[in-house]
Amino acid sequence: MKRNVRIRVISLVAAAVLLCGALAAAAITGSPYETLKSAAFDALTLSNATITGEASIYVDGQLMTTQKIFSKDTEDESYSGLFDDEGAARGFSYQGKELNISTVGESSTGETRYSAYSNNSSGYSYDVRTSVFGISSEDLNTAEMRFMEMLLDVMVGDLKNNVTMSSDGDTRIISGTLTAAQIPELVNAGLDALTSVSMSGRTYSDSETLSYDAARRVQTVKRTTIEGAEKTVEVVELTLADKSTEEYWDSQYGWADVNGKTYVVTAENVLSSEVTAATAEDYGDDLFSAPPTKIRIDYVHGEATVDGDGHLNAVDGRAIVNIEDVLGKSYAVEIAIALDISDIGTTVVECPIPNAAEVLAPYFTSGGNVYFTLNPDGTINVGSISENYRSDIYWSADERVFIEG
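In my numbering, the protein residues as written are -15 to 389.
Be aware that one or more of the hints could be misleading.
As the list claims (entries may be wrong) - What follows is a list of derived Cβ distance ranges for each label pair:
id	residue 1	residue 2	range
1	E59	E342	19 to 29 Å
2	G244	Y315	39 to 49 Å
3	R130	A213	40 to 50 Å
4	E59	E252	38 to 48 Å
5	T163	A213	22 to 32 Å
6	E82	D44	45 to 55 Å
Just so you know, these hints were derived from the structure itself, not from any lab. For every residue, glycine included, the Cβ atom is placed at its ideal position computed from N, Cα and C.
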């Protein structure tokens, strides 16, 4: 029974790292703290900038993944992408005045497919971008943002002894380090709340048909349910009946499929039930497959660079987080994050595919998306352009349509 909660766990950990990294870098009273806070809010409202970054995750000392990102944004256009640890592109998204293009994946033949739509086609409208992060200067004056600022001030507390600030010309460098004992209890309480909310009521279930008595319309199934550290295995008789869709919604037992036909379950009879301890194999035996019950930050180091104009130029952070799952297994997760913000006010965005607007213009006749692949030189393969898309398909460049394999 393979389960995948990796994304939830990584999201929780990343949120914790960003939060405590900000605390470690910003936790100093007076001018340095206010300088950094002002630069951070300024970064949120940037409408023209280039951002590059890299994030690596280690588990128990072993490198699991490295992701590299880039983003170029102006008031009118944006271009962002993701690369793996070997530098290979994993996709991009371009939003322009005339055209939007994004990667949609690989075809069955291994070719990368792209999707595009015209901002001039019916059904679409072009929205002027407020900022790189979608936050305007006016947003900073809302009650919600003022509350966030006040909460940050409270969380910073008296951590000033863990932070230093130095200068290199007009550039100010603020850095700080926190150990487990120095992490504010408010942060730990927030992590507990995040974990509890994320995993509340989460169960995993599977069902296997054992037999079907057509004369009695009774299906016998083995139902396995995992919740937390417990696994429950039940053998259940399901009484089935033909019902309309409207009547089905009144049934508390749901429905069942038998030989390709769907029946409504009108009654359940539990023949046997056994509760045992869940194992790693039950959860799929993958890293982070079992839900976490406790997340604690053991170490955080953060460093931020602010230029003479008050712009945030770089953020570097490293954190070690201990995660304990419902099975009692612990992992030491180390996360390293580096972001650089450059070309503030001077960034220029160009469409990554040459002449895309001109080549695709004749195909935007229905107001919808068109799909295509690229030639080796990066130009659009005109023979591959199609208005049709289905999953699990082979691409037919000759017919300019997708056909089922």
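Cβ separation of G244 and Y315, checked against the hinted range 39 to 49 Å: Holds - the Cβ-Cβ distance for G244 and Y315, about 44 Å, lies within 39 to 49 Å.
Using the C-beta atoms of E59 and E342, is the stated range 19 to 29 Å upheld? For E342 against E59, whose Cβ atoms are near 23 Å apart, the range 19 to 29 Å holds.
A range of 38 to 48 Å was offered for this pair. Does it hold for the Cβ distance of E59 and E252? 60 Å, violated
Regarding T163 and A213, is the given constraint of 22 to 32 Å on their beta-carbon distance met? Taking Cβ atoms as reference, T163 and A213 lie about 30 Å apart, which means the hint holds.
Please test the hint of 45 to 55 Å on the beta carbon pair from E82 and D44. Given range 45 to 55 Å: holds, Cβ gap about 49 Å.
Is 40 to 50 Å respected by the C-beta to C-beta distance linking R130 and A213? 42 Å, holds
Of the numbered hints listed earlier, the single one contradicted by the structure is hint 4.
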